[in-house]
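Q: Each chain is listed here by its residues.
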Amino acid sequence: MPWRETPAELERARAEQPVLIGSPSGRLCGIYTPAAPDAPRAGVCVVLLTSPRSHRNRMWVEGARRLATLGFSAMRFDLHGTGDSEGETAFRNPNQPYREDLVAVLRHLGAAFGERRFAVSGVCFDARTALSAFEDCADSIVGLLFIAAPLMELETLVQAASERKGWGHLMHALRKPSNWKSMVRPERWRHAGLVLSRMVRRSVPGGNAAELPLSPGFRRDFDALVRSRSRALFLYGREDSEYESFRVAERELFPRLDAATRARLEVEVWPGRIHGCTEMNRQRESFERGVTWLARLHPSVAAAETARR
Amino acid sequence: MSHAPPAIPSFFTAADRPLFCVYHAPGPDRPDAPIVLHAHSTGFEQLTSCLAEAGFARAAADAGFPALRYHARGHGDSTGDFADVTLDSLVEDALAAAAEARARSGRSRIVWLGVRFGALVAAEAIRRGAPADALALWEPAIDPDRFYRAMLRGVLFFHVSEGRRPAFTVDQMMEAVERDGRVDVLGYYLHRALVRSTRGVNLETLLGGWSGPTLIAQVQARPRLTEAHAALARSLEARGASVSTAVIREEPGWQISSNPAWVGTDLARRTVEWLDALA
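Chains A and B supply the protein sequences, listed in that same order.
Start counting the first sequence at 1; every next residue gets the next number (my numbering).
Start counting the second sequence at 310; every next residue gets the next number (my numbering).
Errors might be hidden in some of the hints.
[Stated by the list, open to error] Reference listing, derived: stretches of chain A covered by chain B, where coverage requires no fewer than 3 residues with Cβ under 8 angstroms from a Cβ of chain B: (1) 5–13; (2) 16–25; (3) 49–62; (4) 87–101; (5) 142–150.
Because the hints were derived from the structure by calculation, they are not lab data.
Every residue gets a Cβ at the ideal spot worked out from N, C-alpha and C, and that includes glycine.
Only chain A is shown next, with the shape it has when bound in the complex (with noise of 0.2 angstroms):
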């Protein structure tokens, strides 16, 4: 079902401030919503970060008016060259997160209106980002909603992607002329050759394919969540393409946590897609559990979950 505002988000909206936040790469455009005066404090603020900030069908926008009736306040913004925001416009790499924007936003924050505790939330690319901020600001983040990034550098995206791939795939492939015109680009041969490497390597009894690496940048920063007392939901769906890269940190990272961590960091991986958020029955589906979820921030729900374990 659409989204229909109720009274009580309504109310929100009238309250809601924008604001602009100094970064080193430009000034940022964002709106902090205030928790209801009428709902018990949670005493966390929620970002929700994507690009631009409202993200589709203005999710970010009924997420952040909703957790604010439930007592969180809540802060949407445009990363740098997007949206509102000044900063030069660039190609968003998942590998290259923008940290420097998030961090100038959750110190704004605690200047502007006193936040002291926040839970960060994105998809794709804004899930990178969000997890880096756990370098700088890993003390005062209390949650991370982690939904269908990559967590490999783009080349090795493109390898991961040949898992999918079987012979089938490459004789369908071979029979599209257009496939062999694009071969006159030297960066086509390198891709078939990628792929076709993969392919080889796992068809050959007892040459199974190394694992491929996860990126340096992904490793850096889950190491700090882990070193953090935050907990997270990593989200995915088993078709995103994202997923692959995931599932070698779920064979890599996860089983090496000591089970207090391990509590902490919970994975849900869905049925078909989640990425792109464009089919609308998984998009509101996706919303509605991370919504959930980052409303079991708030200290009486935790309470209530803890009581009844």
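Put chain B on the given structure of chain A with help from the hints.
A: Just chain B, lined up with the frame of chain A:
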């Protein structure tokens, strides 16, 4: 290097609801320059064009033209339900934004910028008596029915690009809008309320009384004006309007976000040049 003060985000009230806007104060002192008022497109197109609109507003402010960009109800950071958006509600918000633009800038003259579906909104606002000195149209939606159908064709192309066979035709999806009240357009709904509100509406008809300076900026890969844009230009010229055209050979991909996002530098430059020539 920008000469204009920083753009200021804020809310104003229309129909007793907060609407979001960004005001771009002018850099150089040009007191006779009109304010540029943006009427955005609808659905996801509001996002795909927002960076180009912001870039243009900054460039216009640098050239001495104040600008106001706003989000209509049910869009972006404003309030209201997208499901209830109609041409009438969009025009009501545009008229409120026009009053806000004049109050903020102290300017009495307005140049309207209609982006895609926003062209219909700007034209109808002008038809209802909004002050208008000139009109810029970016890749205008001339016939709303064609606009919706092109949007739905985009869904089919997207499915094909992902190796999926489309489950419905465009006609079937248009029937679904009428029958079910909405259809999924890549993570946005196309709602019956909007479709019904534009029945029998056409940009050329809405501009029937307009004879002011007009810019038609086509944003497509093709090298010449489409027949639809050329016909619109001829019809305006026949009524005495001074019409300029610009062919911007870019394909923003209105329904899909790109990385990097579309910035429309050439479009902004051409539009500022047209503004400069007017003043």
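Q: All the hints need checking, so say for each whether the structure fits it.
A: Each hint tested on the structure:
no.: 1; hint: 5–13; result: holds (count 3)
no.: 2; hint: 16–25; result: holds (count 4)
no.: 3; hint: 49–62; result: holds (count 8)
no.: 4; hint: 87–101; result: holds (count 4)
no.: 5; hint: 142–150; result: violated (count 0)
In summary, the one numbered hint that this structure violates is 5.
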